[in-house]
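Can you make the complete structure from the sequences, with help from the hints?
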Amino acid sequence: MPRKLPHSHTCFVCGEHNPKGLNVRFYADEHSAIVPLFLREEQMGYPGIAHGGVLMSILDELMGWAATMQTGEFSVSAEISTRFLKPVPLHTPLTARAQMTQRRGRVWYAHGEIVDEKGTVYVRAVGKYVSIGKERTAEILKLMIHDPDAVSPEELLREFDRKE
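For the sequence shown, this note's numbering assigns the number 15 to the initial residue and increments by one for each residue that follows.
In case anyone wonders, no lab produced these hints; they're calculated from the structure.
Quantities reported herein were computed from a predicted structural model and do not represent experimental measurements.
We put the beta carbon where it would ideally sit given N, CA and C, even for glycine.
Wrong hints could be hidden among the right ones.
Derived DEER-like restraints, expressed as beta-carbon distance ranges [as the list claims (entries may be wrong)]:
(1) R120 with P33: 16 to 26 Å
(2) H45 with I146: 21 to 31 Å
(3) G119 with D163: 30 to 40 Å
(4) R150 with P103: 30 to 40 Å
(5) D43 with R120: 38 to 48 Å
(6) G67 with H31: 13 to 23 Å
(7) K156 with R97: 33 to 43 Å
(8) E168 with H45: 35 to 45 Å
(9) G147 with Y60: 33 to 43 Å
(10) E168 with E56: 30 to 40 Å
(11) K148 with M58: 36 to 46 Å
(12) P33 with V90: 18 to 28 Å
(13) H45 with A152: 37 to 47 Å
Mimicking DSBU-like on lysine-lysine, the simulated pairs with C-alpha atoms at most 35 Å apart in a straight line are [said to hold, decoys possible]:
(14) K100 with K148
(15) K34 with K142
(16) K142 with K132
(17) K142 with K156
(18) K18 with K148
(19) K100 with K18
(20) K132 with K34
(21) K34 with K100
(22) K34 with K156
(23) K18 with K34
(24) K34 with K148
If you want it as structure tokens, here you go:
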């Protein structure tokens, strides 16, 4: 069963107190980072269609979390490629899912997609991420919001230590 991940006060994608942000909540299971989505007019590009930049931002953050859950470290984006296969409708239940696909030292690769309840794929992305290191990861975890039902920092760090 997917578990809620920590989030930020100010992040554009997951910031709880960012009035201009998306306020998205991320979840993870053993293999993937997951986001249930229901996009509204605030995330619109053309009428009735989600803005591509919003979708890319969500997938970027999601692929970063997928890598974090496998490596034990946060990272920064180095390269992202996104394919928009179909216009993404507003007011439609969607799921974004990402997995880490490869690790080469401090560089990690991940892929993600956004699908509807029928499994129709709307967007696919691949990303390359560079580790910020365990020490900086621990510092950032202290600044994040950890809801009572979310994976705790201690749990995340223990999980990280097991995967070394």
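Going down the list of hints, with the structure as the test:
A hinted range of 16 to 26 Å for the beta carbons of R120 and P33 is inconsistent with their spacing of about 34 Å. With their beta carbons about 23 Å apart, H45 and I146 fall inside the hinted range of 21 to 31 Å. Evaluation of the 30 to 40 Å hint for G119 and D163 yields a pass: the beta carbon distance comes to about 34 Å. Checked against the hint of 30 to 40 Å, the C-beta distance between R150 and P103 comes to roughly 38 Å, which is consistent with it.
Checked against the hint of 38 to 48 Å, the C-beta distance between D43 and R120 comes to roughly 25 Å, which is inconsistent with it. Between G67 and H31 the beta carbon distance is about 21 Å. The supplied range of 13 to 23 Å therefore holds. Between K156 and R97 the C-beta distance comes to about 37 Å, which sits within the given range of 33 to 43 Å. In this structure the hint that E168 and H45 lie 35 to 45 Å apart at CB is violated, the actual value being about 22 Å.
Separated by about 41 Å at the C-beta atoms, G147 and Y60 satisfy the suggested range of 33 to 43 Å. Distance hint check for E168 and E56: the Cβ-Cβ separation is about 35 Å, which falls inside the suggested range of 30 to 40 Å. At about 39 Å, the CB distance of K148 to M58 agrees with the hint of 36 to 46 Å. One distance hint, 18 to 28 Å for the beta-carbon pair P33 and V90, holds here, with the actual separation near 24 Å.
For the pair H45 and A152, the beta carbons lie near 24 Å from each other, so the given range of 37 to 47 Å is not met. For the given pair, K100 sits about 38 Å from K148 by alpha-carbon distance, which is inconsistent with the 35 Å threshold. For the hint pairing K34 with K142, the CA-to-CA distance comes to about 26 Å; that is within 35 Å, so the pair holds. Simply put, K142 and K132 have alpha-carbon atoms about 29 Å apart, close enough for the 35 Å limit, and the pair holds.
For the hint pairing K142 with K156, the CA-to-CA distance comes to about 25 Å; that is within 35 Å, so the pair holds. A C-alpha spacing of about 21 Å is found between K18 and K148, which places the hinted pair at or below 35 Å, so the restraint holds. The straight-line distance between the Cα atoms of K100 and K18 is roughly 29 Å, inside the 35 Å bound, and the hint therefore holds. At roughly 31 Å between alpha-carbon atoms, K132 and K34 fall within 35 Å of each other, so this suggested pair holds.
Using a Cα cut-off of 35 Å, the hinted pair K34 and K100 holds, with the two alpha carbons roughly 26 Å apart. Simply put, K34 and K156 have alpha-carbon atoms about 23 Å apart, close enough for the 35 Å limit, and the pair holds. Under the criterion of a C-alpha separation no larger than 35 Å, the hint pairing K18 with K34 is consistent with the structure, at around 22 Å. For the hint pairing K34 with K148, the CA-to-CA distance comes to about 30 Å; that is within 35 Å, so the pair holds.
Consistency note: the structure conflicts with the earlier hints numbered 1, 5, 8, 13 and 14.
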